[in-house]
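Assembling the complex is the task here: the two chains are given apart, and the hints tell you how they should meet.
As you go down the protein sequences, you meet chains A and B in turn. Number 17 in my numbering belongs to position 17 of the first sequence; there are no gaps in the numbering. Number 201 in my numbering belongs to position 201 of the second sequence; there are no gaps in the numbering.
Worth flagging that the hints you see were computed from the coordinates, not collected in a lab. Where is the CB? At the ideal position from N, CA and C, for every residue including glycine. Just so you know, not all the hints are guaranteed correct.
[Stated by the list, open to error] Not the full set, but computed from the structure, chain A residues with beta-carbon under 7 Å of chain B:
#1 V29
#2 G32
#3 D96
#4 T97
#5 G100
#6 T104
#7 F105
#8 F112
#9 G212
#10 L241
#11 V253
#12 P257
#13 Y270
[Claimed, not checked] Listed next, the stretches of chain A that the computed footprint assigns to chain B, with coverage defined by at least 3 CB atoms under 8 Å from CB atoms of chain B:
#14 34 to 46
#15 181 to 192
#16 216 to 222
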Amino acid sequence: MLAHEFMRNALLAGIFVALACGVCGWFVVLRGQVFAGDALSHVAFPGALAAAAAGIDERVGLFIATVAVGAGIALLGRSAVAARGGTVAGQTPADDTAIGIVFTFVLGLGLFFLTLFGLSSAGGTGIQAAHTLFGSIFGLGGGEARLAAAIGLAIVALVLGIARPLLFATLVPDVAAARGVPTRLLGVGFLALLGLVAAEATQAVGALLLLGLLAAPAAAAHRLTASPFAGIALAGALAVLAMVAGLILAYEVPSLPPSTAVVGVALAIYAASAVRS
Amino acid sequence: MPPETANPSLGWNVARDVGELLEYHFMVNALLAGTIVAVMAGLVGWLMVLRHEAFAGHTLSTMAFPGASGASLAGIPAAWGYFLFCGAGALAIGRVTGGRRPALREQSAAIGAVQAGALALGFLFVSLYGGILGSLESLLFGDILAISDGQLLALGAIAVAVLAALGLIARPLLFASVDPEVARARGVPVRGLSAGFLVLLGVAVAATSQITGPLLVFALLVAPPATAQLLTARPALSLLLTVLIGEAIVWLGMGISYFSVYPAGFFIAAIAFAVYLLARALLGLRATASRLSSQSTPPALAEPLA
Numbered sequence: 001m002l003a004h005e006f007m008r009n010a011l012l013a014g015i016f017v018a019l020a021c022g023v024c025g026w027f028v029v030l031r032g033q034v035f036a037g038d039a040l041s042h043v044a045f046p047g048a049l050a051a052a053a054a055g056i057d058e059r060v061g062l063f064i065a066t067v068a069v070g071a072g073i074a075l076l077g078r079s080a081v082a083a084r085g086g087t088v089a090g091q092t093p094a095d096d097t098a099i100g101i102v103f104t105f106v107l108g109l110g111l112f113f114l115t116l117f118g119l120s121s122a123g124g125t126g127i128q129a130a131h132t133l134f135g136s137i138f139g140l141g142g143g144e145a146r147l148a149a150a151i152g153l154a155i156v157a158l159v160l161g162i163a164r165p166l167l168f169a170t171l172v173p174d175v176a177a178a179r180g181v182p183t184r185l186l187g188v189g190f191l192a193l194l195g196l197v198a199a200e201a202t203q204a205v206g207a208l209l210l211l212g213l214l215a216a217p218a219a220a221a222h223r224l225t226a227s228p229f230a231g232i233a234l235a236g237a238l239a240v241l242a243m244v245a246g247l248i249l250a251y252e253v254p255s256l257p258p259s260t261a262v263v264g265v266a267l268a269i270y271a272a273s274a275v276r277s
Numbered sequence: 001m002p003p004e005t006a007n008p009s010l011g012w013n014v015a016r017d018v019g020e021l022l023e024y025h026f027m028v029n030a031l032l033a034g035t036i037v038a039v040m041a042g043l044v045g046w047l048m049v050l051r052h053e054a055f056a057g058h059t060l061s062t063m064a065f066p067g068a069s070g071a072s073l074a075g076i077p078a079a080w081g082y083f084l085f086c087g088a089g090a091l092a093i094g095r096v097t098g099g100r101r102p103a104l105r106e107q108s109a110a111i112g113a114v115q116a117g118a119l120a121l122g123f124l125f126v127s128l129y130g131g132i133l134g135s136l137e138s139l140l141f142g143d144i145l146a147i148s149d150g151q152l153l154a155l156g157a158i159a160v161a162v163l164a165a166l167g168l169i170a171r172p173l174l175f176a177s178v179d180p181e182v183a184r185a186r187g188v189p190v191r192g193l194s195a196g197f198l199v200l201l202g203v204a205v206a207a208t209s210q211i212t213g214p215l216l217v218f219a220l221l222v223a224p225p226a227t228a229q230l231l232t233a234r235p236a237l238s239l240l241l242t243v244l245i246g247e248a249i250v251w252l253g254m255g256i257s258y259f260s261v262y263p264a265g266f267f268i269a270a271i272a273f274a275v276y277l278l279a280r281a282l283l284g285l286r287a288t289a290s291r292l293s294s295q296s297t298p299p300a301l302a303e304p305l306a
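Isolated chain B (complex conformation) (with noise of 0.2 Å):
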């Protein structure tokens, strides 16, 4: 929660304004978790909207319900639980998708059943427990404001863990991603890539949702990757494109918020939308003008000059 004696105003002094907001350590804890939350977002992200997984991706964010209550129940952190229904919901979810190959549409059945369970469990956990747990909405839009010290730095540690494991595997499951049947026979072991990067995604959903909230957990981990991937088809150049967009959207989200009675959570998810609108405007803008163009020149006189 900001203290009582902050009482921010937006002045005309860009550069008074951002030193006020700094002047504030809960505010700069709030920044530097969000700056590695969205670089680690981005990069798994980035995956999983390439290996079209969104759908795991938010069931695996669901988990905070039953994590939450369950570790309510047993008397542990509800941070420890969420991580452990995180682990386990990503080897069911990998469990049912990946055998014997069954088709897209069982696939997205298979995953709305494993949610459906987790959920169920998490209804069964809070009936069992009895009391109050806390506020429904600050588990589930997140408290960026409260971020302590030894949660930052638990932060920096998953996420520096969960980006050397990505990058342990990034050639093979790249390869997996994009040609699954050449990848298996070569001998790459397409089903163990998949289940390695479903753990990875559910670290990554668990700690990104301590910045947004498990239920916008997508406006880190999929808009700039979808964005990124929309203008540039070069993988490099997309990597480093979601990570910007990463950054600008969780730093204007913030900062606009710390001058706003609103949420950060607000802002994040509206210019993540906002972004990948214009995206998607400005492709269609060049697909018009490019066949605009095409044909106004008769295509025998543009060849020979192409």
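Bound conformation, chain A alone (with noise of 0.2 Å):
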């Protein structure tokens, strides 16, 4: 199996990727973000489309798009329930309106855009370039596996880099905010990196990845251990052998896709310690 080159560059992007899902999806759901995790990775198609409209390199735009909502996502959402009255802390239900909101608007823009291509002379050269971006993870090449997993690590380092502040100011705002602790800009920093980790897992391994690897390693985390970094130490670890897991039974069985496998042994794993709590 491992005599494949394909193989080996999927392995090699997809271990790291779901490293980085695995610890940052920790987090997420600690802080009840799915959903953005979820929007984030839509914003990433629209993002290379505008690229590619305003003649500017796909990746480099699709990046600056998903950090940039991110970061627009926590400030409308956070002034949402301050103007409703409500607390500025901790766990925020007023975000999945502005969430809602926010990122119909840009698939919207999507959709602008693929007329815009369709109708052009050019034809869908934009269109074609933004695709090619969006591929399957056994189509990676190796130059782009070894900048995946690059990314990945710095993605995890940052994380970890600002765990203990993010984790004081998730758990206890209030006291955090009184420490000095800046609370409302780690919580915009947090929805940027996530914006990264959405950009980086669409491109390399597909948005239905990211989503599966964010959530279900990171929940099934939770309920097997209260410690914060056991925890996350367990979600990267989960999320790595459910990527690794799939991509082997994806080989084996040449019908079903590597998406599906991963995601299937993520949720298993995610089943198994529902029964186990």
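As structure tokens, then:
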């Protein structure tokens, strides 16, 4: 199996993307922000299309779009809570409305750009260019796989770097704010970071894998241990396990798409943790 | 698809332009369908926004993918597959979020897991089907101009059924949404109502997506109610405002798109976003103004007057 280059590339990129999703996902689940991660994965394609329309590199456009929308959702969501007279802290259920409105608008823009490219005499070159960014995990080249692995590692390092203050700000926001922790900045920064994860994962392994790996391994880790740092490590390990097992399964069963296999394993882990707890 | 003879151009005579727009049967059907959907989506969405279930709503809209691909595989109409998967998805979400009152954080993860599972099934169906599944873009963004008389009738029947069911459970559902603890103590079946509402939401989402496409249902499900709830706290007024805003978004979006090369979905999403931002800006201005005026008047003087 490892004799095939496509499989080596898929494993290399997959393991590090899964690690980033698992580690980031632990905080995403803790903060109840899976919807935000999902929405950001939808932003990637319109972002790439917009970049193609503006004549800049699609990959750069995709990262800029997801990070900017991540920060935008955080800002709009927080002020919506404040406008309703609620507390601006902790679990922010009012975010879901702002997320829904923002990402629907971004998808509408995506539809606009699709039509724009469909009409222009240049034909589908912009769409083509954007489509090539969203390949299958089994279609990665060596350079792309190494880049994806490096970005995955960088994301893990960033999350671990802000882990302590972020944990403090998430669990006891009032106390953290009183102690001088910049809770608002951390909230915006974390969603921007989530945008980075979404951009990285959607173009390397696809939006479906991002959602599955963000939610399921982390939710299982939350059920299995209450200790934060053990939980973060467990979430990362379970995500990597789901990725590797899924890729092997997809390799052995040709009619099974890799994304279905990986998500299937991740959901099985989550279901098993629910039975155990 | 619009007939070849349609050569729309916008002039200064609004009445003539509207008249031209209504000459085409496909356009009349589209406007009627949009009108029906705006009412249903607005009223169901109003409760969805109140209950903070936008993620559940979005997850139900993604059921279009496994629904349509599964229907192709089984050889049944795509709409049936969509409604089936929406119903199953609603029950699954109700099950994972309703049991033993899990924490809020667990809910978002559980809904995400349901969505990931459904999409994974969709990819599996596509892989097993092995053929070409129509145009993905028309599946994801809908095709409002291709609504037949039969589909229009079906849409109307669905809307009447959904709104009648919603009317039946409206009072206890509102009670359970605003104060679940007290409602449960008073013997209101909170869990059953939640599951029932999710099923209604699933049907409404599947019907709305025929107008806007599954990806843009929130332009009618979230934006009008969210705007109305920002502007007023009175339920009846808020519901009325929701329907009016929804209708304005649909008619404007469709009208503009008729005279433009861009699809209705884009205009509907853009107008919905603009309306919401406008309401937020108004609210911000009002808050600033009231803060300024309260600062300029000394509290001791202001109080006896008020």
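The hints, checked one at a time:
At its closest, the beta carbon of V29 (chain A) sits 5 Å from a beta carbon of chain B; the interface hint therefore holds under the 7 Å criterion. The interface hint given for G32 (chain A) holds, since its Cβ lies 4 Å from the closest Cβ of chain B, which is under the 7 Å cut-off. Taken as an interface hint, D96 (chain A) checks out: its beta carbon lies about 4 Å from the nearest beta carbon of chain B, inside 7 Å. The restraint placing T97 (chain A) at the interface with chain B holds, with a minimum CB-CB distance near 5 Å, inside the 7 Å limit.
Of the supplied interface hints, the one on G100 (chain A) holds, with its beta-carbon coming within about 4 Å of a beta-carbon of chain B, less than 7 Å. Residue-level restraint check for T104 (chain A) holds (minimum Cβ-Cβ distance to chain B is 4 Å; threshold 7 Å). Of the supplied interface hints, the one on F105 (chain A) holds, with its beta-carbon coming within about 4 Å of a beta-carbon of chain B, less than 7 Å. Taking 7 Å as the C-beta cut-off, the interface hint given for F112 (chain A) holds, the closest approach to chain B being about 4 Å.
Hint on G212 (chain A) holds. Least Cβ distance to chain B is approximately 4 Å, under the 7 Å limit. Interface hint status for L241 (chain A): violated, as the beta-carbon distance to the closest one in chain B is roughly 16 Å, over 7 Å. Nearest Cβ of chain B to the Cβ of V253 (chain A): about 10 Å, over the 7 Å cut. The hint is violated. Interface hint status for P257 (chain A): upheld, as the beta-carbon distance to the closest one in chain B is roughly 5 Å, under 7 Å.
The criterion of a C-beta within 7 Å of any C-beta in chain B is met by Y270 (chain A), whose closest approach is roughly 6 Å, and the hint holds. Closer than 8 Å: that is the beta-carbon criterion, and the segment 34 to 46 of chain A has 6 residues meeting it against chain B, so the requirement of 3 holds. Counting residues of the segment 181 to 192 of chain A whose C-beta lies closer than 8 Å to any C-beta of chain B gives 0; at least three are required, and the coverage claim is violated. Here's how the segment 216 to 222 of chain A fares: 4 of its residues keep a CB closer than 8 Å to some CB of chain B, so the rule of at least three is met and the hint holds.
Hints 10, 11 and 15 from the list above are not met by this structure, while the remaining hints are.
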